[in-house]
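*Asks:* One-letter residues, chain by chain:
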Amino acid sequence: DGGITQSPKYLFRKEGQNVTLSCEQNLNHDAMYWYRQDPGQGLRLIYYSQIVNDFQKGDIAEGYSVSREKKESFPLTVTSAQKNPTAFYLCASSPWDAQYEQYFGPGTRLTVT
Amino acid sequence: SQQGEEDPQALSIQEGENATMNCSYKTSINNLQWYRQNSGRGLVHLILIRSNEREKHSGRLRVTLDTSKKSSSLLITASRAADTASYFCATDALGYGNKLVFGAGTILRVKS
Numbered sequence: 118d119g120g121i122t123q124s125p126k127y128l129f130r131k132e133g134q135n136v137t138l139s140c141e142q143n144l145n146h147d148a149m150y151w152y153r154q155d156p157g158q159g160l161r162l163i164y165y166s167q168i169v170n171d172f173q174k175g176d177i178a179e180g181y182s183v184s185r186e187k188k189e190s191f192p193l194t195v196t197s198a199q200k201n202p203t204a205f206y207l208c209a210s211s212p213w214d215a216q217y218e219q220y221f222g223p224g225t226r227l228t229v230t
Numbered sequence: 324s325q326q327g328e329e330d331p332q333a334l335s336i337q338e339g340e341n342a343t344m345n346c347s348y349k350t351s352i353n354n355l356q357w358y359r360q361n362s363g364r365g366l367v368h369l370i371l372i373r374s375n376e377r378e379k380h381s382g383r384l385r386v387t388l389d390t391s392k393k394s395s396s397l398l399i400t401a402s403r404a405a406d407t408a409s410y411f412c413a414t415d416a417l418g419y420g421n422k423l424v425f426g427a428g429t430i431l432r433v434k435s
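Protein chains in written order, with the working numbering: chain A, 118 to 230; chain B, 324 to 435.
Check the hints yourself; a few may be wrong.
Under the rule of at most 25 Å between Cα atoms (straight-line distance), these lysine-lysine pairs were calculated in the DSS-like manner [claimed, not checked]: (1) Lys188(A) to Lys349(B); (2) Lys174(A) to Lys349(B); (3) Lys422(B) to Lys174(A); (4) Lys200(A) to Lys187(A).
Keep in mind the hints are simulated off the structure, nothing from the lab.
With the hints as extra help, turn the sequences into a complete structure.
*Replies:* Here it is, written out as structure tokens:
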């Protein structure tokens, strides 16, 4: 899992609550990413950030928000607007000049009831 | 829509046998990568093959790329029980920036 940490490993929330997932990296990577994985499916890109204080929507950004105030940190907030938030969330980072070389964290499994 | 699609969806073999997984994609790419994911864990990068390469080896892994057919295969030789995992291909497509697009994966089970 390299130098990327995600916490917590498991997270439980009630419907209607916002929840923030943590992602920290010590690889000195410029770019960071958030993916969602549902059972039996590949990863889908939620948001990504190539530099501090800048981020872009991915393919499924609705109901999610992010911030990138520090190079090492890229927290993801799952808002109450996300219709089906229960999923496995993976954070990744990559060097600026090789953004296809992504290193993944261990993931956070979010369950919303 | 997803760029890569793996085939088969699931594969069950005996320890010592070879495992072959295939990936197809839809548009021209810069690179294609294979990742492994153990149950409930993050993805681990296995191997990258560039669009101008046709074959690449890494230990017991052999990857081929056929850009004319827009397909790739991952061969794991002399499989071990520890190879049991899901395997994903990921492409970074031309004109899609630096984003990776993942297939749905192949679930490999190696029985000891």
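*Asks:* Run every hint past the structure and note whether it holds.
*Replies:* Hint check:
| no. | hint | result |
| --- | --- | --- |
| 1 | Lys188(A) to Lys349(B) | violated, 34 Å |
| 2 | Lys174(A) to Lys349(B) | holds, 22 Å |
| 3 | Lys422(B) to Lys174(A) | holds, 11 Å |
| 4 | Lys200(A) to Lys187(A) | violated, 29 Å |
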